[in-house]
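Q: One-letter residues, chain by chain:
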Amino acid sequence: MTQRWPVIVFALVMAALPLIPEIPPFWIVLLNNIGLAALVAMGLVLLTGVGGLTSFGQAAFCGFGAYTTAVLSTAYGVSPWLTLPLALIVSGLAAVVLGLITVRLSGHYLPLGTLAWSLGLYYLFGKLEFVGRNDGISAIPPLEIGSWRMLDAGSIYYVIWIAVILSAVLTTNLLDSRTGRGIRALRRGHIAAEAFGVNTARAKLLVFIYAAVLAGLSGWLYAHFLRAVTPTPFGVHASIEYLFIAVVGGAGYIWGGVLGAVIVIVLKEILQSYLPLIFGGQGQLELIVFGLVLVALVHLAPGGVWPWLAGLLPFKRRPPRIDSSLHLAARPATELPPVLLQLEGARKQFGGVLAVNDVSFSVKPKEIVALIGPNGAGKSTTFNLITRVLDSSAGRITVCGTDVAGTTPQQIARLGVARTFQHVKLIPDMTVLENVALGAHLRGRSGTFASMLRLDRADEAKLLAEAARQIERVGLKEQIDQLAGSLSLGQQRIVEIARALCVDPVLLLLDEPAAGLRHMEKQQLAALLRQLRDGGMSILLVEHDMGFVMDLADRIVVLDFGTKIAEGTPDAIKTNPDVIRAYLGAAA
Amino acid sequence: MLEGEPALNTTILLFLLQDGITNGAVYALLGLAMVLVFAVTRVILIPQGEFVAYGALTYATLATGQIPGTAMLAVVMGLVAFAFDLFAARKAFRLKVILRAVAVDIVFPVVVLALTWGLAGRYNAIPVNIALSLLIVAAIGLFLYRIAFQPIAHTSVLVLLIASVGAHLALEGFGLIFFGAEGLRGPAISNAMITIGQLQITGQSLAVYGITIALIVTLWLFFDFTLYGKALRATAVNRLGARLVGIRTSLSGQMAFLLASVIGAISGILIVPITTLYYDTGFIVGLKGFVAAIIGGLISYPITAAAAIVVGLVEAFSSFYASNYKEVIVFTLIIPVLVLRSLAAPEVEEEKE
Numbered sequence: 001m002t003q004r005w006p007v008i009v010f011a012l013v014m015a016a017l018p019l020i021p022e023i024p025p026f027w028i029v030l031l032n033n034i035g036l037a038a039l040v041a042m043g044l045v046l047l048t049g050v051g052g053l054t055s056f057g058q059a060a061f062c063g064f065g066a067y068t069t070a071v072l073s074t075a076y077g078v079s080p081w082l083t084l085p086l087a088l089i090v091s092g093l094a095a096v097v098l099g100l101i102t103v104r105l106s107g108h109y110l111p112l113g114t115l116a117w118s119l120g121l122y123y124l125f126g127k128l129e130f131v132g133r134n135d136g137i138s139a140i141p142p143l144e145i146g147s148w149r150m151l152d153a154g155s156i157y158y159v160i161w162i163a164v165i166l167s168a169v170l171t172t173n174l175l176d177s178r179t180g181r182g183i184r185a186l187r188r189g190h191i192a193a194e195a196f197g198v199n200t201a202r203a204k205l206l207v208f209i210y211a212a213v214l215a216g217l218s219g220w221l222y223a224h225f226l227r228a229v230t231p232t233p234f235g236v237h238a239s240i241e242y243l244f245i246a247v248v249g250g251a252g253y254i255w256g257g258v259l260g261a262v263i264v265i266v267l268k269e270i271l272q273s274y275l276p277l278i279f280g281g282q283g284q285l286e287l288i289v290f291g292l293v294l295v296a297l298v299h300l301a302p303g304g305v306w307p308w309l310a311g312l313l314p315f316k317r318r319p320p321r322i323d324s325s326l327h328l329a330a331r332p333a334t335e336l337p338p339v340l341l342q343l344e345g346a347r348k349q350f351g352g353v354l355a356v357n358d359v360s361f362s363v364k365p366k367e368i369v370a371l372i373g374p375n376g377a378g379k380s381t382t383f384n385l386i387t388r389v390l391d392s393s394a395g396r397i398t399v400c401g402t403d404v405a406g407t408t409p410q411q412i413a414r415l416g417v418a419r420t421f422q423h424v425k426l427i428p429d430m431t432v433l434e435n436v437a438l439g440a441h442l443r444g445r446s447g448t449f450a451s452m453l454r455l456d457r458a459d460e461a462k463l464l465a466e467a468a469r470q471i472e473r474v475g476l477k478e479q480i481d482q483l484a485g486s487l488s489l490g491q492q493r494i495v496e497i498a499r500a501l502c503v504d505p506v507l508l509l510l511d512e513p514a515a516g517l518r519h520m521e522k523q524q525l526a527a528l529l530r531q532l533r534d535g536g537m538s539i540l541l542v543e544h545d546m547g548f549v550m551d552l553a554d555r556i557v558v559l560d561f562g563t564k565i566a567e568g569t570p571d572a573i574k575t576n577p578d579v580i581r582a583y584l585g586a587a588a
Numbered sequence: 589m590l591e592g593e594p595a596l597n598t599t600i601l602l603f604l605l606q607d608g609i610t611n612g613a614v615y616a617l618l619g620l621a622m623v624l625v626f627a628v629t630r631v632i633l634i635p636q637g638e639f640v641a642y643g644a645l646t647y648a649t650l651a652t653g654q655i656p657g658t659a660m661l662a663v664v665m666g667l668v669a670f671a672f673d674l675f676a677a678r679k680a681f682r683l684k685v686i687l688r689a690v691a692v693d694i695v696f697p698v699v700v701l702a703l704t705w706g707l708a709g710r711y712n713a714i715p716v717n718i719a720l721s722l723l724i725v726a727a728i729g730l731f732l733y734r735i736a737f738q739p740i741a742h743t744s745v746l747v748l749l750i751a752s753v754g755a756h757l758a759l760e761g762f763g764l765i766f767f768g769a770e771g772l773r774g775p776a777i778s779n780a781m782i783t784i785g786q787l788q789i790t791g792q793s794l795a796v797y798g799i800t801i802a803l804i805v806t807l808w809l810f811f812d813f814t815l816y817g818k819a820l821r822a823t824a825v826n827r828l829g830a831r832l833v834g835i836r837t838s839l840s841g842q843m844a845f846l847l848a849s850v851i852g853a854i855s856g857i858l859i860v861p862i863t864t865l866y867y868d869t870g871f872i873v874g875l876k877g878f879v880a881a882i883i884g885g886l887i888s889y890p891i892t893a894a895a896a897i898v899v900g901l902v903e904a905f906s907s908f909y910a911s912n913y914k915e916v917i918v919f920t921l922i923i924p925v926l927v928l929r930s931l932a933a934p935e936v937e938e939e940k941e
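First to last, the protein sequences are chains A and B.
For what it's worth, the working numbering labels the leading residue of the first sequence as 1, then goes sequentially.
For what it's worth, the working numbering labels the leading residue of the second sequence as 589, then goes sequentially.
Take these hints with a grain of salt, some might be off.
[Claimed, not checked] Covered stretches of chain B (in silico footprint by chain A; criterion: 3 or more residues with CB under 8 Å from a CB of chain A, positions within the stretch not fixed):
hint : region
1    : 719-727
2    : 739-747
[Unchecked claim] Going by beta-carbon spacing under 8 Å, a handful of chain B positions derived as facing chain A:
hint : residue
3    : Val753
4    : Leu875
5    : Val902
6    : Ala904
7    : Ser906
8    : Ile922
9    : Ile923
10   : Leu928
Since the hints were made in silico from the structure, they are not lab data.
Idealized CB from N, CA, C, for every residue including glycine.
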């Protein structure tokens, strides 16, 4: 929940600026350029800073927006206001096509892929006859409201900055929502997000399109501001500059995009107008200095300027108010099948390594089963097979009677299986509440547009209430508004359990939940798990703390080198010679 | 290019093939250098193009008997690097470290400048000019890493990339000051001409092939059979792990940049007798090497080399059939490759700290 008044103050200041008597018209032009760049940078913040997808092609999307309106309004005489939705649709469609190709690419391929098509598109803009080749299109009509023709920089200024502030508000709303949490989870990898039902491929495509539409809007404004388009401002250099703006401002922050635009554009302007005065008209000196300043900036503030500035400003994030009377609908109480989870000869082979070798066991309702074994026994791999992070090489796994072969992790979550991870997968720069609310993703239904327009508040309040309830249940009420990254590792594991509980699961998979906990905390955890079992939930856990396991588990399955060597009650396992040999060696 | 219906006959076909392979070989070198630098330092080396232009134009300037500005730039960058080294060593002032810094950062570029001063114009021989150009660009590459990348070696790929672009802009600006807006051509390494049937092969093309193959083999030997090469590969796989076993990762980064700048300069020297190079040509040439590197996935040397040849051939043939769309075709070439890659290899989750 961010406060509204700083935005309102900012909007009022921006509205008042042109009214200052005798403000140089040139300043207004500069502010227009800043606004245009800020729009593109804001999209990049969402795409790169928040979503973790780097794009070198944003300027090309500006090009789609600008050329769409240029062609339609000059060659066909379409009103500029009518071309606005078309410009946005064209850039959005281009993003769908290019996104379907590139967004799937992992890691470094994505920036490289975007670099490639943005180069290709730049040359294409310069060669195609109907967009005027390298000469571009000129004499684009200005925007008009009634008889008011926005011919000068001062009039279109308002259109540009209304667009900037509106986009910033809508984007802030989007990030502070169910969909937004899915997007913010992307940067930490797709496994955790998918385990709670986020369709990561769709979320990536969504931010890609969103960023492209913002760029298209900027392009449309650009075309009617300068009233001429050429390919140059849509080339790779421009794209790189937008990326700079986002990184310099602070790639993770929406207002960082605006701040970055101010810094970079003002800096360029100063360099271009004053350097020649100091050093004479020598070549591209400003290019050199600009490059050097950029290198220096990322050295001094790799996280961008905004977080530093925001620390100095008087407004703080206000923790959301939670109405604890709200409840999400619980899972429909159907008769649970006699066996919740069944593994029959499950097998996983990585090249020549048999990580899981024909393992069979089952978990029944209201049962705590422990999966133990020395390091490398295949316990976590078994978890990954059940939750479909990995494909089984052979064998059959059923959850609530459904064969999981060919399903996605999201569908497993939908069946009521929730999990935690051996290596904690929380989003460190989100609060505990937000992290846990991600677990309830499948239980909300508000989409992108509803979130942007704040029509999701009723739905969102229920999700947050549920998250707060689970946090209280695991005993972390004090930490609810802290950033997840600031908690101790043991507490982070407990946050993961709260997140899993938000799924309203029938089966809970816990990967080393007690690691990093103190003795008292372990006892509290054991009590909580027993309480959950008595409430009707089944738990499958991997754990190394034998005291904890023996005390808690109803049944124990022992793996060694991927093979099941024993199964039985804790007492039977304690005395099983095979188990002792596996843990202590043959001589024991 | 030809107007009207292009007719492809054997002569043209052979010419295009030769042209494509020659350019492709140069792209292969650049692609390899980019793969090398990315693997070791995670820097996407946008300034690779400047290494090409600096190498080519330094060589061409030396051939006219003048002293290239790059020699001075190397000295200045050395001084800055020295300041960085001193600052880094402020907590533990050890004589050995200081002496090394003096030798590498100050003595090396000053000696190269002195040599350039002494030899330029007076002793104008192609091998001498090549050696000087390589030394100058090597020094610039080394210091570039020390100044722009070593202090932020631990940050994200994105931050490194921004620094890389900043370095590219600054170096390109210096290029304009040193070499002017006019393009330059350098003397050919060999003026020989071999005729086999309808095929005429210039000595320069042969030099390109020979040097490319020699470099690829050298790199392969270096990485697979020397301790230094293995240390570089170890750094690429796991930075922290490499440090724990005693590899100095900052040295690995400097090595990678040194190699990349020398390779870039060699590429430039190889092509400057064939085409006129401008201070900013390097960017586009470098990007084509980059396309090859992407096709190779930034990991595979043989695939990168093969892809570079394909890029060169596609460029040659598209300049014949659709010269207007040459660049469009070259740069969109990688999209189908990327699609295939994304279909073949599912996304792998990277564990980030």
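Q: Verify the interface restraint on B:Ile922: the C-beta must sit less than 8 Å from at least one C-beta of chain A.
A: 5 Å, holds
Q: So is the region 739-747 of chain B in contact with chain A by the C-beta rule, three or more residues under 8 Å, or is the coverage claim wrong?
A: holds (count 7)
Q: Using 8 Å as the Cβ threshold, decide whether B:Ile923 counts as touching chain A.
A: At 6 Å from the nearest chain A Cβ, B:Ile923 passes the 8 Å test, so the hint holds.
Q: Would the stated hint for B:Ala904 survive a check requiring a Cβ distance to chain A of less than 8 Å?
A: Violated: closest Cβ of chain A sits about 17 Å from B:Ala904, beyond 8 Å.
Q: Measuring from the C-beta of B:Val753 to each C-beta in chain A, is the shortest one below 8 Å?
A: 5 Å, holds
Q: Measuring from the C-beta of B:Ser906 to each C-beta in chain A, is the shortest one below 8 Å?
A: 11 Å, violated
Q: Quick check on B:Val902 please, does its C-beta sit within 8 Å of some C-beta on chain A?
A: It is violated, given that the least Cβ distance between B:Val902 and chain A is near 13 Å, above 8 Å.
Q: Tell me if the interface restraint on B:Leu875 is satisfied: Cβ within less than 8 Å of some Cβ in chain A.
A: 7 Å, holds
Q: Going by Cβ atoms only, is B:Leu928 closer than 8 Å to chain A?
A: With a closest approach of 11 Å, the B:Leu928 hint is violated.
Q: Using C-beta distances, would you say chain A covers the region 719-727 of chain B, given that this needs three or more residues below 8 Å?
A: Since 0 is below three, the answer is violated.
Consistency note: the structure conflicts with the earlier hints numbered 1, 5, 6, 7 and 10.
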